[in-house]
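Protein sequence lines, in the order shown, are assigned to chains A and S.
Residue numbers for the first sequence follow my numbering, so the first one is 1 and each next one is one higher.
Residue numbers for the second sequence follow my numbering, so the first one is 1001 and each next one is one higher.
Hints were generated in silico from the structure; no laboratory data involved.
Just so it is clear, the structure is predicted and the values come from calculations on it, not from any experiment.
The beta carbon of each residue, even a glycine, is placed where N, CA and C say it ideally should be.
Keep in mind that the hints are not guaranteed to be accurate.
To be verified - Calculated pairs, BS3-like style, for lysine-lysine (alpha carbon to alpha carbon, straight line, at most 27 angstroms): (1) Lys1166(S) / Lys1177(S); (2) Lys299(A) / Lys1299(S); (3) Lys1299(S) / Lys18(A).
To be verified - Computed from the model, here is a short list of chain A residues facing chain S with C-beta under 10 angstroms: (4) Phe20; (5) Gly65; (6) Gly73.
Claimed, not checked - Here are the in silico distance ranges between beta carbons for each label pair: (7) Asn1273(S) / Lys177(A): 32 to 42 angstroms; (8) Gly298(A) / Asp1100(S): 32 to 42 angstroms; (9) Ser1204(S) / Asp280(A): 25 to 35 angstroms; (10) Asp1238(S) / Asp302(A): 40 to 50 angstroms; (11) His1120(S) / Gly298(A): 43 to 53 angstroms; (12) His120(A) / Lys1260(S): 31 to 41 angstroms.
2 protein chains.
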Amino acid sequence: MVFKIIILGSNSAIPTIKRFPTAQLLNHNDRFFLIDCAEGTQLQLRRYRIRMQRINHILISHLHGDHFFGLIGLISSMHLLGRTKELYVYGPSPLMEILDIQLDASQTELNYPLSFHELHPEQSEQIYEDDMLIITTIPLNHRIPTCGFLFREKQRKRKLKKRITKSLNIPVDEFVKIKEGADFIDASGRVYKNDEITEEAAISRAYAYCSDTGYYEPIIPFIKDVDLLYHEATFMNDKADVAAKKFHSTTVEAATIAKKANVKKLIIGHYSNRYDNLDDLLTETKEVFPNTGIAIDGKSFDV
Amino acid sequence: MVFKIIILGSNSAIPTIKRFPTAQLLNHNDRFFLIDCAEGTQLQLRRYRIRMQRINHILISHLHGDHFFGLIGLISSMHLLGRTKELYVYGPSPLMEILDIQLDASQTELNYPLSFHELHPEQSEQIYEDDMLIITTIPLNHRIPTCGFLFREKQRKRKLKKRITKSLNIPVDEFVKIKEGADFIDASGRVYKNDEITEEAAISRAYAYCSDTGYYEPIIPFIKDVDLLYHEATFMNDKADVAAKKFHSTTVEAATIAKKANVKKLIIGHYSNRYDNLDDLLTETKEVFPNTGIAIDGKSFDV
């Protein structure tokens, strides 16, 4: 089952021709979640041939412009291109007022429902659940209220061993019980123990998105053992004092968090404009946490 | 003296990779005016190597997103890049509230003064004057309050005929009077008639920007005889009914206005997304008004 992210913008603060500011698209089983939406995100969706109307959920971590200035444009384009499907937007207050005042000014009445879910970044909350996935927020440590997002697959039910069960003529209404752990008794009275006819489902996976934040150990319990962690690394280690002052992290700090949380893989991003070449950031991060990837616009990562 | 525009975005409604929505930079004698500011305008400035901090005046014609969604991002970037010089923003209400709520949400206090001048598009008003240029608004006919802008050079004073005057030892304090039409009497009492020692200054030039608007003859007195007219042509002639319904213009309507106003040159732009190739729009416009140019991102036009 698909569970991957594509980086739409990897930069901090200011858009450049090479690197757009922060946005990511998460695809879980062909359900599309947009995480942050900087200026130009709709252009990046076009560039990477992602149909914007497939996005039903947009999560905004905080109200610095490099994380949400593209939202009103995307919402307008969805409208102009004839969307009718509901769109769910999650973000801190006053995001909805910011959208409303702009829609009012242009006398735009959206031709699709927009549901706004206000986030309260000071505490973790579950904000989304479907049959396969749960999203919870992760309080971060930034200059303004900011949260990360944890996407965790639900533990799936046991899988039938088809090579055995296909000859057993199991009635359809027994399937659910067996997947939940029940044994099966066939017409002759023979008992098949559950572990004879089923096997463990694939292990559930988790992705954590943490941007923007200073070095902040309280996030560790939330991101413990995740398969993939995106952690901002705005600065290199020699700028640790600047990072701390601006409530951002360095390469080494991102790597240290990844190590302490025992995550499987780390991605760094949200680079300061001062870094033209990213090789040194990656090298420095890998010295502390070897399994690190580097966010680059257009690049995908499997969870 | 430089008097030219550069097209930063030529499209209507939705940004595409090839054509950004509306924005233009006007350069008059190295004073830079940004006219409209769609999403991605700051990227276009980078792409065409225009230093954003040289812009001191931003004029917003109306509050449809394809004309102003890039403004907050540009204002933020100017701040992040250390601007201290005052910035003047002109636009209809509630533009300042839209900016303020977003600056407040990010707890940004701009480190430069931003002066907002509210436009009242229902009537023409002079909004700017310096020693060489006057800007007045042009009421347009769109779905929401919208104005165009007329940039007219002041008539310059007469020029000294240097080949004659350099030998006359004219005192510096006489220069102004002579340029204003006075004669000159030298030490011996000889009278030099003004037209002996001066000549007409170059004729003052004018640029008119009219986007967005339906076909609207009341603009003609404002744009009469201008050197360069930008008039939107969102649709081709066969979509005249759609254009009218949406308060936009066709190629033929833009050309007809240009002809009736006796302008020297016309530029069309603000194309609907349905037009991939623009050749047909240009051909159709030229059939009515031959001296027409086509707005393309990155292209410059002298006034």
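Hint by hint, here is what the structure shows:
no., hint, in the structure
1, Lys1166(S) / Lys1177(S), "16 angstroms, holds"
2, Lys299(A) / Lys1299(S), "32 angstroms, violated"
3, Lys1299(S) / Lys18(A), "22 angstroms, holds"
4, Phe20, "8 angstroms, holds"
5, Gly65, "5 angstroms, holds"
6, Gly73, "4 angstroms, holds"
7, Asn1273(S) / Lys177(A): 32 to 42 angstroms, "54 angstroms, violated"
8, Gly298(A) / Asp1100(S): 32 to 42 angstroms, "35 angstroms, holds"
9, Ser1204(S) / Asp280(A): 25 to 35 angstroms, "55 angstroms, violated"
10, Asp1238(S) / Asp302(A): 40 to 50 angstroms, "49 angstroms, holds"
11, His1120(S) / Gly298(A): 43 to 53 angstroms, "45 angstroms, holds"
12, His120(A) / Lys1260(S): 31 to 41 angstroms, "59 angstroms, violated"
Of the numbered hints stated above, those contradicted by the structure are hints 2, 7, 9 and 12, listed in ascending order.
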